[in-house]
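One-letter residues, chain by chain:
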Amino acid sequence: MRDKKAIYYELLVLRCRQRRPDALEELIQAWERPLLYYVRRLVDNDDEARLVLQEAWVKVFEGLGGLRNPERLPAWLYRIARNTAVSHLRAKCRERTLFESDDGARIAGHGDAHLDLDDAERIHYGLGRISLVHREVLTLFFLQDLSLEEIASVLEVPVGTVKSRLHHAKQALRAVLEEEELSHE
Amino acid sequence: MNELDRTFRERLLNMETLHSTPEGRHTQVREMLDKRLSLMPRIGFALLALAGLGTAIAFGSPAFTGKGNGEAVIVYRLLMTLGFLVAVVWTALTGWTAVSGVLRRAQRPWIAATTFAMGFFYLAMLMFVFAIPVAREESRAEFGTQLALLWFFLLNTVGLCAILAVLYRGQFRSQERLLEIEYRLADLAERLADKGRG
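Order-wise, the sequence lines are chains B and P.
Each residue of the first sequence is one higher than the one before, starting from 319 at the first, in the numbering used here.
Each residue of the second sequence is one higher than the one before, starting from 376 at the first, in the numbering used here.
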């Protein structure tokens, strides 16, 4: 038997394709918060995040008819949100390289990348202080809507790269949180 | 799916101080999907509305004031009345688009359909104005065949569109029912599995 969530996504997409207002509202209600959280981690300020998300929703509504595999709805939504945010950032700062290699952010001496997830507030704070490439992979991981394969499809990189980025991102986040802790002591 | 505590996701989402109102989002997005027209397209739509008005008058006049008896006149008046109605709808749609300056997504198929129907009635009108006099003198049978073909083409297209729409809707409904059943079964299986574990 198929996964319950996969059936639900297919049903929702089917209803949305019929342009049923209740289904479209349901789609927005379910995904507005996580998409907003993700987009806000990618762009500089709240207004931009709102703008990007608005554009992303327009693309979603226009593209729903062409979604071939409704079971992969979450990955598709995150990909649209990401592409919209990237276009927005590119238009804003053409000269700057977006999503630079994470080499510079690798932290030595942190082999174990275990993170204490009890304090969401600290994690949220830490996410804002690591590099963009780390921040986005970790945000997608923490939001728990996607599998590693789906995260890879959103970021358009191999699964191995996602695993490696996650590892380094956790190290970077841990370093930031430790630094913050030390500064308070 | 990641194996983190699911409540962590919620706690993290609650950290985001930027709040949006999903309730109004659907309306906002729908409005964004409507195309805002600049001055030139608006003038274009206004001209189309004027042409529609002229057509409505041209069809309406013989439809409501036409004189004469016999089968041919009834068919002629019926055709003109239909043409008049189509022209009125077309005028209303294009006129409203010109006035509001917004080409709504929902209106687009209606504008396309009425344009198609208007095209047909223009053809029919052309035949009545130009072909009838010729046909009267030369071959009535030939004219009749031409007219019948024209009707056949329109009815065929309308019928095909209607059948396709019904099939499409039916397919959606049956697919939706199947998915609903599948979802309930999956839900039931999940509950039973939970009970088994508990």
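If you're looking for bench data, these hints aren't it; they were derived computationally from the structure.
Be aware that a few hints might be false.
As the list claims (entries may be wrong) - Below, computed lysine to any residue pairings styled on SDA-like, alpha-carbon distance capped at 25 Å:
#: 1; chain 1: P; residue 1: K410; chain 2: B; residue 2: D365
#: 2; chain 1: B; residue 1: K323; chain 2: B; residue 2: D365
#: 3; chain 1: P; residue 1: K410; chain 2: B; residue 2: H406
#: 4; chain 1: B; residue 1: K322; chain 2: B; residue 2: R333
#: 5; chain 1: B; residue 1: K322; chain 2: P; residue 2: M407
#: 6; chain 1: B; residue 1: K377; chain 2: P; residue 2: M407
None of the values given here were measured: they were computed from a predicted structure.
Hints and how they fare:
Under the criterion of a C-alpha separation no larger than 25 Å, the hint pairing P:K410 with B:D365 is consistent with the structure, at around 23 Å. A C-alpha spacing of about 32 Å is found between B:K323 and B:D365, which places the hinted pair above 25 Å, so the restraint is violated. A C-alpha spacing of about 21 Å is found between P:K410 and B:H406, which places the hinted pair at or below 25 Å, so the restraint holds. Simply put, B:K322 and B:R333 have alpha-carbon atoms about 17 Å apart, close enough for the 25 Å limit, and the pair holds.
At roughly 33 Å between alpha-carbon atoms, B:K322 and P:M407 are farther apart than 25 Å, so this suggested pair is violated. Only pairs whose Cα atoms come within 25 Å are accepted, and B:K377 paired with P:M407 is accepted, the gap being roughly 10 Å.
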